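Enquirer: Full structure from sequences and hints, please.
The sequence shown begins at 1 in this note's numbering and counts up by one.
What the hints contain is simulated information worked out from the structure, not anything from laboratory work. These figures come from a predicted structure and were not determined experimentally.
Only pairs whose alpha carbons sit at most 20 Å apart, straight line, appear in this in silico EDC-like list of lysine to aspartate or glutamate:
hint : residue 1 : residue 2
1    : K73       : E56
2    : K9        : E43
3    : K102      : D78
4    : K73       : D106
5    : K102      : D76
6    : K42       : E54
7    : K22       : D11
8    : K102      : E56
9    : K102      : E68
10   : K102      : E65
Computed spacing ranges between beta-carbons, pair by pair:
hint : residue 1 : residue 2 : range
11   : T90       : A62       : 17 to 23 Å
12   : Y110      : V13       : 39 to 45 Å
13   : N12       : G136      : 53 to 59 Å
Beta carbons are placed, not taken as given, at the ideal position from N, Cα and C, and that holds for glycine.
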Amino acid sequence: AGKCWKMYKQDNVDFMYKVFAKSGLSATGTFLPSNIHPCHTKEPSNDIPSALREAEMVMTGAVSEVLEKMHMKPTDIDILVTCTSVFCSTPSLASLLVNRFKMRPDIQSYHLGGMGCGTGVVAVNLVRDLLAARPGSVA
Numbered sequence: 001a002g003k004c005w006k007m008y009k010q011d012n013v014d015f016m017y018k019v020f021a022k023s024g025l026s027a028t029g030t031f032l033p034s035n036i037h038p039c040h041t042k043e044p045s046n047d048i049p050s051a052l053r054e055a056e057m058v059m060t061g062a063v064s065e066v067l068e069k070m071h072m073k074p075t076d077i078d079i080l081v082t083c084t085s086v087f088c089s090t091p092s093l094a095s096l097l098v099n100r101f102k103m104r105p106d107i108q109s110y111h112l113g114g115m116g117c118g119t120g121v122v123a124v125n126l127v128r129d130l131l132a133a134r135p136g137s138v139a
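Expert: The following block contains the structure:
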């Protein structure tokens with residue numbers, strides 16, 4: 001990254017490589033979004049359109065995979081809860097998935113964000129409570 005992005009000093013590049021080498025991440029199997037991948041962009045960007053593209057790619061891929069593995073259609077879903085630790089778009093990421101997959105108009109959808117890494121725990125508790133309130137529902 002440092003050789004491609006001129007903003008980094010060699011000391012910073014050396015430090016990043018040390019962190020990467022000790023992280024256990026694979027140099028060939030680790031995904032970097034195109035907005036920060038040195039082979040795809042001259043300068044990294046962390047703007048909203050880039051974050052939205054990344055979220056859409058990751059989330060639609062995950063939902064597609066789950067639906068396929070469970071032999072379900074998007075219209076089988078009754079409850080959808082999405083969460084992110086820092087990125088909160090408008091419309092929400094839950095709305096993005098509902099529209100992308102053409103889920104039912106009566107789906108209960110929620111997006112939680114802005115609470116850091118703890119958002120995932122809150123989301124799991126919300127799903128648990130919603131399923132308890134609506135037995136037989138699919139989330």
